[in-house]
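**Student:** Got chain A; can you put chain B on it based on the hints?
These are the residues of each chain, in order.
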Amino acid sequence: MAEQNPILLDGYDKLFENRVRLGVMSVLAANDSYDFVSLRQMLGVTDGNLTTHLRALETAGYVTSVKQFIGRKPNTSYSITEQGRCAFTAHITALSKLLKV
Amino acid sequence: MAPGQALEEIRDMMNRSTRSYLCGWSPLLCGLVALAGGLLVRRLIGSADAHAYDSGFPIAPVCIVAVVTLALGVLVPFVFSLIRAGKNGIALSFNANNRRLFVTLFLPVFIGGMMSIAMCFAKTGMYEWIPAVMLCFYGLAVTNLSKCSEPSLEWPGLILILIGLTACFLRRYALELWILGFGAVHVVYGVYLIFKSRG
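Protein sequences, first through last, are from chains A and B.
For the first sequence, the residue numbers in the numbering used here are 1 to 101.
For the second sequence, the residue numbers in the numbering used here are 1001 to 1199.
So here's chain B without its partners, still in its complex pose:
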């Protein structure tokens, strides 16, 4: 083996073998944020019809809640992980492995997010499709993430896709399914991870 090739192989092995530990508290906190945000939107919408545009649908407040929920949903687990890593003396590094995890998760999420934003601006009342798009893209991202991180992520990923597809057909219950997917699935998976790491 040529020296260059050997060095390349060493680097690749060291990067690929470094495992990322997923702790249950992150999905749990993220799920609680999603539950709170989703239920708040449910209250805001009340009986407004998501299908008809311009019929008193409170788009502005809903968008504000959505942005706050998204920000908290990402920030709260992130800050929590930082604190936890600091306590355990682990430096949070943006190495090749973490970069790959980041792209695997956020590329589909970014595309889904862009589509959702486009649907917010659509004049033909596409709101009812937004939860389905978010669930499907996020589900795909999580399913793919299972291949380079925690293998048990495959199940919540597939369940999210399933809920997303259900939301495509049962659009009347889209928001409720969103709460189920982003809230309940996160919380259940988080609790599962916590118990798994203890047992």
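Same shape as in the complex, but just chain A:
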């Protein structure tokens, strides 16, 4: 698709085509950090599903995770990277442009 109209789709990110990944980015863009369990509740997905998508976003360098212990419970919290914020903003801009066509 990007080949057909490179100018119009500039900034459009294939990685955000998935609903869960898009949801993760939206939540992390609006919050400083979000823990795994809250993220799962917010998106209404399974553990495994969310893990897979988070790993994909982490590999792309869009999110970072911090593992820590709260008391004795392990807790992983995620936050958006500068690169991720740029990609997400560009994606939203591309989507809005698509709408106007």
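These aren't lab readings, by the way, just hints derived from the structure by calculation.
Incorrect hints may have been included.
Stated by the list, open to error - Here are the simulated distance ranges between beta carbons:
no.: 1; chain 1: A; residue 1: THR89; chain 2: B; residue 2: VAL1079; range: 33 to 43 Å
no.: 2; chain 1: B; residue 1: ILE1111; chain 2: A; residue 2: PHE69; range: 38 to 48 Å
no.: 3; chain 1: B; residue 1: PHE1110; chain 2: A; residue 2: ARG40; range: 34 to 44 Å
no.: 4; chain 1: A; residue 1: ALA56; chain 2: B; residue 2: VAL1188; range: 43 to 53 Å
no.: 5; chain 1: B; residue 1: LYS1147; chain 2: A; residue 2: PRO74; range: 52 to 62 Å
no.: 6; chain 1: B; residue 1: VAL1079; chain 2: A; residue 2: SER33; range: 27 to 37 Å
Note that beta-carbon positions come from the ideal geometry of N, C-alpha and C, so glycine has one too.
**Tutor:** Just chain B now, with coordinates in the frame of chain A:
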């Protein structure tokens, strides 16, 4: 996913995920105001019978104290939150999330308040029912608020409803139950939140 739908979803997620932080000092201050107001009304009423109209029930002073208590009970925590937010560099915005919180809390409170005002004007001595109405409606509002804000609000909400229902049956002690509900429950919950955020 169509671009329009995707954008809609992004907006919805960003709004819904923004958490509101409830700090313990607000309910604590609100509770102290309620305690002061309630005890003052207790003194004003003395031994007057809330059941009988026109038997020396000091309705005017009680109403004045009530209005002042309400105003302070809302304003003191609000101003305190503003100052605190300013110190932490947070802008207090009226976004979709906060709007929903506002409506969830104040719609039932407004209805209960209107009923209470109507009872003030009733000629048949309905005063003794007013604390029960206030407690029940406020309790419902707080219970509902727990669903879109701090989940631990559910317990004080249910306790308020319980006290309100008790006040329906033990109307002789309606004012004392009001002080217990609006004063003590607020203070205890506020202290609980403060300790929770520290520990």
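**Student:** Holds or violated: 38 to 48 Å for the Cβ distance of B:ILE1111 and A:PHE69?
**Tutor:** 46 Å, holds
**Student:** Is the hinted range of 33 to 43 Å satisfied by the C-beta distance from A:THR89 to B:VAL1079?
**Tutor:** Between A:THR89 and B:VAL1079, where Cβ atoms are some 36 Å apart, the hint holds.
**Student:** Looking only at beta-carbon atoms, does the pair B:VAL1079, A:SER33 fall within the given range of 27 to 37 Å?
**Tutor:** 29 Å, holds
**Student:** How does the Cβ-Cβ distance of B:PHE1110 and A:ARG40 compare with 34 to 44 Å: does it lie in that range?
**Tutor:** 36 Å, holds
**Student:** Between A:ALA56 and B:VAL1188, does the C-beta distance stay in 43 to 53 Å?
**Tutor:** 46 Å, holds
**Student:** Within 52 to 62 Å: is that where the Cβ-Cβ distance between B:LYS1147 and A:PRO74 falls?
**Tutor:** Cβ of B:LYS1147 to Cβ of A:PRO74: about 27 Å, so the range 52 to 62 Å is violated.
Hint compliance for this structure: hint 5 is the single one not met.
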